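Now for the letters of each chain:
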Amino acid sequence: MKKENTYWNTNLKYLVLLLFIWFTASFGFGILFVDALNEIKLGGFKLGFWFAQQGSIYVFVILIFVYIYLMNRLDAKYKTKE
Amino acid sequence: MELQYWIWIAVGISFSLYIGIAIWSRASSTKEFYVAGGGVHPIANGMATAADWMSAASFISMAGIISFNGYDGSVYLMGWTGGYVLLALLLAPYLRKFGKFTVPDFIGDRYYSNYARGVAVFCALIVSFTYIAGQMRGVGVVFSRYLEVDITTGVVIGMCIVLFYAVLGGMKGITYTQVAQYCVLIFAFMVPAVFISIIMTGNAIPQIGFGSTISGSDGVYLLDKLDGLHRELGFHEYTTGSKSVLDVFLITLALMVGTAGLPHVIVRFFTVKKVSDARKSAGWALLFIAILYTTAPAIAVFSRTNLIETVSNKEHTNLPGWFEKWQTTGLIKFEDKNQDGLIQYLADPEINELTVDADIMVLANPEIAKLPNWVIALMAAGALAAALSTAAGLLLVISASVSHDLIKKIINPAVSEKNELIAARLSAFGAVLLAGYFGVNPPGFVAATVALAFGLAAASFFPAIVMGIFSKRMNKEGAISGMVVGILLMLFYMTKFKFGWFGGGTNEDWWFGISPEGFGSFAMLVNFVVSIIISKLTPPPGEEIQSLIENIRKPN
Chain A
84 MKKENTYWNT NLKYLVLLLF IWFTASFGFG ILFVDALNEI KLGGFKLGFW
134 FAQQGSIYVF VILIFVYIYL MNRLDAKYKT KE
Chain B
859 MELQYWIWIA VGISFSLYIG IAIWSRASST KEFYVAGGGV HPIANGMATA
909 ADWMSAASFI SMAGIISFNG YDGSVYLMGW TGGYVLLALL LAPYLRKFGK
959 FTVPDFIGDR YYSNYARGVA VFCALIVSFT YIAGQMRGVG VVFSRYLEVD
1009 ITTGVVIGMC IVLFYAVLGG MKGITYTQVA QYCVLIFAFM VPAVFISIIM
1059 TGNAIPQIGF GSTISGSDGV YLLDKLDGLH RELGFHEYTT GSKSVLDVFL
1109 ITLALMVGTA GLPHVIVRFF TVKKVSDARK SAGWALLFIA ILYTTAPAIA
1159 VFSRTNLIET VSNKEHTNLP GWFEKWQTTG LIKFEDKNQD GLIQYLADPE
1209 INELTVDADI MVLANPEIAK LPNWVIALMA AGALAAALST AAGLLLVISA
1259 SVSHDLIKKI INPAVSEKNE LIAARLSAFG AVLLAGYFGV NPPGFVAATV
1309 ALAFGLAAAS FFPAIVMGIF SKRMNKEGAI SGMVVGILLM LFYMTKFKFG
1359 WFGGGTNEDW WFGISPEGFG SFAMLVNFVV SIIISKLTPP PGEEIQSLIE
1409 NIRKPN
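In order, the protein sequences belong to chains A and B.
In terms of the numbering used here, the first sequence is numbered consecutively and its last residue is 165.
In terms of the numbering used here, the second sequence is numbered consecutively and its last residue is 1414.
Pulled out of the complex, with its shape left as it was, chain B reads as follows (with noise of 0.2 angstroms):
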């Protein structure tokens, strides 16, 4: 069958699923509306949190940024995982005996202070509009790569839908949609990796398949000829790194920490019963979360393999059919500098021919190794599911944060049940608007300011939050001005070697060597430091806080 019509079946059947799901669990309180009733079993939350955390990023860019950066990609797949232990270890159990809706809420009782929660209700919206921008433009991006419409539609429909589930559904509603968005996501991720294992290395299993040896040869290993193949084209051997120590320290304690201190990823272990579920939870989770990321490695070997295989000395008039659709996107770029009809594709900018954007070898990876039509029209269904269920999570953290937080707690504390729901769909029904309107007109920063959204959360919640939990004598001041501190000193890096402001920089005016993706790490600790520096010199909390501290460690 046609590829078109598999593409169409394949994103018709999931979109059904989402939406009627959506009117199955529709919700009626603000307490479903917030933490789905705060009954989901902690093995559909695990689910839940893993679709809601794996972004059109994780799905479409991560397979894609290893394959071309080997080794040093690695900061990605320690560092969105390695955060998990953190949430489950100093977190999640903690904030759900707690027991409130929100980090800000959490924040403004602890600390005892509407200016703290107002502080934090600020860090939420910054982390989550620089982070729901990205995953709408990657909606934009798959619908006008597979159902051939233009980038603008493909955002409408994306918004059509979010809005739809998370304005109805709230929590409750998201929360089982991303169960299913879970289930489509592994699925489209999962066939065409196992495919291409057994092609190349005749071992069902891609993480073992990349270590293994090519098939046919004689007992060459996969690892060693791609090594091989980029030392031929002048590339940094795969296998070994080319960025400093010090970075990918700071980088991946950076993701980690961030991801610890994401607002979407946080609230999701207010979903659950109690908090021994919470623990469970994030097992549960990260266990999802680990298929992916221990298969995404697999697919970088292979598919950068393949690639250099298929283009590396080829005529170019000669190449199969995705090579051509796939330059018209403009993704990639093919120039004949000497004139010989053949793909020069080497490390020396001066003669290399080709340039391939990072973001196409996981949907062209099936293409790449001649894959049946339906397995791509999979991965068209995956990549969707990867960035809606993202996107619809972050618009709660954000309809959460105007109508409980702001509203509720700040503004009008006398608002009825009934006006905080129609204030929280309101919300969401802006935010979804405002995204949308990124992902049509995205600003030139969206891509790299995903990655720095980490970087965001690590520098305010996290530090706040941690000392919330473990000492009694943190109080206001220190928090405050430590949050403060460190989003400000975060921003103030991010605009200043990425956009350029402030008289911008090069990577040599880095501080100390450190890359604004890195720098989160960095402005953590300033902001550990002026916390505690600060409150060590202002009156510690009263009676109440500590009796609140005492009672969210008890077991119960």
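In isolation and in its complexed conformation, chain A is listed as follows (with noise of 0.2 angstroms):
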């Protein structure tokens, strides 16, 4: 019972983490911010506008493979099989 409460609960702090990246990134950095950061230039893009249609869906793909390696990791660590 203890074992599976700690991988639940690092499950959670993991969700917490990586929902908190995703959150600034699209929300945050593409919609909240996105005048202030638009005074910045990558190349010809405004950067507010690049994470808007650009940034936050990379990030988006990262974060779930991060998620996806963290888990294995997190299940290996608690010797499961499937």
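Keep in mind that the hints are not guaranteed to be accurate.
Per label pair, the in silico range of CB-to-CB distance [stated by the list, open to error]:
hint, chain 1, residue 1, chain 2, residue 2, range
1, B, A1062, A, N155, 30 to 36 angstroms
2, B, T1011, A, I104, 36 to 42 angstroms
3, B, T1187, A, L100, 49 to 55 angstroms
4, A, T107, B, P1398, 48 to 54 angstroms
5, A, I145, B, F1045, 22 to 28 angstroms
6, A, N155, B, R884, 41 to 47 angstroms
7, B, L1383, A, I104, 21 to 27 angstroms
8, B, A1062, A, T107, 28 to 34 angstroms
9, B, N1409, A, F103, 27 to 33 angstroms
Worth flagging that the hints you see were computed from the coordinates, not collected in a lab.
This one's a predicted model, so the numbers in the text were calculated from it and none came from an experiment.
For every residue, glycine included, the Cβ atom is placed at its ideal position computed from N, Cα and C.
Build the complex from these two chains, which are given one at a time in their own frames, with help from the hints.
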């Protein structure tokens, strides 16, 4: 029982961290702070615009693969076989 | 070679491919019919999910909408991709662990109630039907433009194809045809984008190209030039927004949560072998989707710039052939108000002489950029692949809802496997006919409701599923009242402001300035609050449910 609880709590910890990044990259950089970030330019892109139409999507993809990696490691640590 | 021949070849080859796959992978048991036997490889499932997910709206309309709305179009880009993070982190692995066939299955078992199951079936049917009618319409439009048949014939051909492989193959047939359809649609989307990017900016990667300088100019950035053109013609600057921050925020949220709550997307994660594969599938699916979604804003910028440069202040008798072709479909309208023979394309509706439907931007783009005929033919095949794959996925949800959730679980639990399979095929058949009817006689509100299907999914399923996994205290009373209040509130708001029921209303009457598209976020919040309050006032779920939740949370 104890073992399962730590497994679940670690999982929740990962979720909070990853969802925080998810929120920051899209709702934060792409919507709430877009005007401030637009002052910075990345090549021909205004940074806020870039986050809204490109950056946030790249971040989403990376987040899922990071989660896959973390959970596979966690599963291995608790030696689960499916 | 003539364009028409190329189109027949591209469509003919891709269709025979789908039919061939359907025959090879037909389903023989209910498990194969509902979840492809549960043994699909995560990468294949990722591709199938991507094709299932990217509908005619993603392929045909999205880049066009962004093209006309600039920054404001970002809600679709973030909204329709960010939902996969929620899916992968909050839903997919647990639902796979739960290991049944459908979303109402989970709701019904987790909330130990056939009423909950019934409500979930009702929500699944409403969401899926609003969505599928739009797909059949998309098929009809593509056929009528490219194969020069009328829309009705187009829809009927599309119906026969979908019917063939959905009814025969079930989820198994659909999954493998969707893999093929993904390849067709992504190739069709990327080829013109790469071509145009090279022509306009000299960079072969469209994602970088649209932030680069224009070829042959002295270091002028494409986006700066487009912003300049927009200012000149009186349009809102392309790279900044004109909608309120609150509305952009809520629409994005509704689309994300709605994506995670769509039954035809969730059910895909029941088709893989194990829990870790469900996570992997979500990752691959988003990667495959991201290829199209990061290219779409580039296409939007290229086509917008090209369009303005091709038509603005040009003599209308001197325009390339595509202009007239699209004019005959009514999707481009030109009226020479000041009789000077030139096209004034301006923001001010009083003196503007040209209206261009957003839906043609992707399809006309290769023609506007003067690409070879085979590329245009490819677009037709790609658009059809996008519409058909999504329609097939939705059909399966509808048929499973009827045969599995309604007949097997509620009406007659004693039904034999063989009869259930017959019922599944018959309901798929009925659903195709109904969808086809809406494709031929589209209710005026189809386009408007497709976006709202997300609000409905967000307002109904998402809270019930998430709390079913993450809260042990949530009980049937809470979940049922949450779903009912959520979906009714959303239905009320969308019918009031979109179809003028309940006294109608204009933009000024929106509650807190929230558009119907963004209202799903609000209705979802209400669903959460109602569920939590009601569940506190009623008894908690029993031992059995506690251990069911323990079990879906455990690694294994």
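For each hint, the structure was consulted:
Range check, B/A1062 to A/N155: about 35 angstroms between beta-carbon atoms, so the 30 to 36 angstroms window is met. The hinted range of 36 to 42 angstroms is not satisfied by B/T1011 and A/I104, whose Cβ atoms lie roughly 50 angstroms apart. Checked against the hint of 49 to 55 angstroms, the C-beta distance between B/T1187 and A/L100 comes to roughly 50 angstroms, which is consistent with it. For A/T107 paired with B/P1398, a C-beta distance near 35 angstroms fails the hint of 48 to 54 angstroms.
Take A/I145 and B/F1045: their Cβ atoms lie about 25 angstroms apart, and the range 22 to 28 angstroms holds. Distance hint for A/N155 and B/R884: a CB-CB separation of about 34 angstroms, inconsistent with the stated range 41 to 47 angstroms. At roughly 23 angstroms, the beta-carbon separation of B/L1383 and A/I104 lies within the given 21 to 27 angstroms, and the hint holds. For B/A1062 and A/T107, the Cβ-Cβ distance of about 32 angstroms falls inside the hinted range of 28 to 34 angstroms, so the restraint holds.
At roughly 28 angstroms, the beta-carbon separation of B/N1409 and A/F103 lies within the given 27 to 33 angstroms, and the hint holds.
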